Amino acid sequence: MNHPADVGSWLAEQERKELLRFITCGSVDDGKSTLIGRLLYETKQIFDDQLAALESDSKRHGTQGEQIDFALLVDGLSAEREQGITIDVAYRYFASEKRKFIVADTPGHEQYTRNMVTGASTADLAVLLVDARKGVLTQTRRHSYLAQLVGIRRFVLAVNKMDLVDYDCGRFEEICGDYGLFAERTGIADWLAIPLSGLAGDNVVDRSAATSWYDGPSLLEHLDSVQVDADADAQKPFRMPVQWVNRPNQDFRGFAGQIASGTVARGAEVRVLPSGRITRIERIVTADGDLEQVAAGQSVALTFADEIDCSRGDVIAAAPDPPEAADQFEATLVWMDEHELLPGRGYWLKIGSQTVTATIHEPKYEINVNTLDHLAAKTLGLNAIGVAEIATDREIVFEPYAAEGASPNRVLGGFILIDKLTNATVACGMLHFALRRALNIHRQHLDVGRETHAQIKGQKPAVLWFTGLSGAGKSTIANLVEKKLVTRGRHTFLLDGDNVRHGLNRDLGFTEADRIENIRRVGEVARLMADAGLIVLTAFISPFRAERHMVRRMVPEGEFLEIFVDTPLAEAEKRDAKGLYAKARAGELKNFTGIDSPYELPEAPEIHIDTTAMSAEEAADLIVEELLKRR
Amino acid sequence: MRQLTHLDRLEAESIFILRETVAEAAKPVMLYSIGKDSAVMLHLAKKAFFPGPLPFPLLHVDTTWKFQDMYALRDKVAADPAINLIIYKNPEAVERGINPFDHGPLHTDMWKTEGLKQALDTYGFDAAFGGARRDEEKSRAKERVFSFRDRNHRWDPKRQRPELWSLYNVKKNKGESMRVFPLSNWTELDVWQYILRERIEVVPLYFAAERPTVERDGLILMVDDERMRLEPGEEIVSRRVRFRTLGCYPLSGAVESDAASVEDIIAEMRASATSERQGRAIDRDTGSGSMEKKKQEGYF
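Heads up: the protein sequence lines correspond to chains A and B, in order.
Letter 220 of the first sequence, counting from 1, is numbered 214 in the numbering used here, and no numbers are missing.
Count along the second sequence from 1, add 268, and you get the number used in the numbering used here.
Keep in mind that the hints were calculated from the coordinates and are not lab data.
There may be inaccurate statements among the hints.
Derived pair list, reagent style DSS-like, types lysine-lysine, alpha-carbon separation capped at 27 Å [as the list claims (entries may be wrong)]:
1) K414/A / K442/B
2) K440/B / K94/A
3) K439/B / K414/A
4) K440/B / K414/A
5) K454/A / K584/A
6) K295/B / K414/A
7) K357/B / K344/B
8) K295/B / K11/A
9) K439/B / K315/B
10) K440/B / K344/B
11) K623/A / K414/A
These numbers come from a predicted model, not from an experiment.
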């Protein structure tokens, strides 16, 4: 039995085999598990003992009488076997003479859309099962759409159960016609229909005599010959997210990661993002020795010629062609959790090796995956798909997920959202584009700068951000401060909460998401005015720490002064100048800060005004004094 | 530049998973069971963190009933000063003298399932690497790469986190943990091809040799030491056998074989007609679905 030479050549052949990852999707009764079982069986992936177990299982749970029920080979979990459905993504491995295959077997039930998206996220091709008796169903269209959404470009329409329609050519052509119309409308260009029977084995591995009118390949022949994009990523510009910094001693600092795209050679000039610093690759380190050049897919450790900052989450990229960094995006989201999306709430967003806090705006629309219509939506529930804007608390390095005519940018374009309390993965998403460019990259250069604006006014700009409960005295004190500043010849502008809501922000309500957007817009306006050289005063409750922090980061260091107008709730409620507390207590006003919506205390305000200890006049004097001290 | 082979891609993916865990987990550990999958996993870990040392210890949850050859290889691996190996034996199992002859399924439960939970709790490990592969068994085909376990180490198949792309959610609360499977996408053949390519040392029991054996319940068992109990009528016969999987010797079935090298094993696999877990008595304890049940209880 020992034939070393034979084994050697056989092994070399195995080594050269390409890998094709595909998903199979279909409705519950389309015979998907049977088809996969058949593929495994025919490519001899099923061993004798498994076959014996299968025969006994077939008699116990099977639906094929005395026949082998191939579906039992792949329906792994007891719960599934009892219910007769596939409820989770299963991965199968098999090989033909030409290729190795990883199959993501994904369930057909609508409530498990998230599993289909999961299976499709790593696949190059989708096999869509259609029951020849039923034809193209809503389900088929949904699966096509979902597969296309995550970047699959090649499709096989497996028209199954041909034995049950007497191998009727007319029926097959009718189904092809239906699917063709749909494919054209949704931009699916690369698809092939194959008439087959998983149960009887027609056109699965060998071409069947029963379909003599069909002259295309069998399913396996097609899977063996369809083009794979194995090195498509290597053709793109170089990117490597830094996973881990390898620093075993003082003499070695290697940046470990798997190359997402492109190639890099020793000596190449690279840019570290988001900092933008440039250096050269000194060594490409692996346990098998240093390499001269590496490409997409390889896990390596890189060392730099210069000592520059670089840590987990940074991206090392080709210096002449770096990706963008930004903190506001439009993205498609697939919601995967029972708890629906809460716009405005902070979620962890993980993309590549970067993890940041992200807030999602109210969706622009939800997509009806059956009709592809756009629907108005306030949120996204389990298995809903929609398009929304996302803001992150710091810049992330990214690329648009979909790449025209190329494989998707999975590593720097795909992300997941994680619930901060339960740690569940609640959604996945695909970035479209940045809504505004990050502050330190590719800024529009202005000839008249903010310094000039400030200089001709003879002052240093500032944003005086008054925060506190409704009725705390923010507007009263801010008005006094502005008067005092104007009498000293300062150029000022006061942005008041109520006034802004009558104009710029009149489209916003008082939900958490709207309040966040309200503050963001005010922050942007305040920043523009500060750029124009003004001392800007704002009086907004601004109850959330995260939003105050967001605005602080919009303006240059030292120009943002957070002024906490500290009035106890009981005192503010007692004053109740606008009668709002009474209404809130009566349940007429929802989301009222201090009553049924929280106020997060400032942790380190520049100025703290205790209104129970001083008058408004005294407070205003103190603030003016503090401001002028900072000049 | 050389085209990446299938093994190159598997290797790169496993290294990515190992690094991701070390970057995000507080206190990772590698479960080292001495078998071929553990050997491959350890080899990959050395590559992932090269030129540094392993940034985590190895943990062997010992049952005291492994083959002598396994203990010998384990001790050789542990002799490397760069490797920190923890050996854990469930004290209650030690005290009660739990063994595969008198205690049936309790043997695996107390030594392995309970022993593992105790070890992870005792040392406070929050991520444990295991060498399981999805192609091994039906219920494993649905296992995640990062498998979330609750405070009681339980696995709930309906509450596993979706895994998209190569984005792994490693977040967890105090007391919860992860089992991480860097070899998820490897097949048995891949493992052997890699052992051959990388010249990885494995326990000699994988290779055919004349060994003292008895036949019991359709399994060929090896008489590895004097603790082996013979049933009435059983006699020790020398057979040329090897093992496809290794565990406690009174529970590990051998196959008759002449495969004396890795190349022979691969050649044998091409012609082989039995799956790898076939020699494992524990998978069949409670009929079909037995592995799934063990996993829910916290077995690896």
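For this structure, which hints from the list above don't hold up?
Violated hints: 2, 5, 8, 10, 11; rest satisfied.
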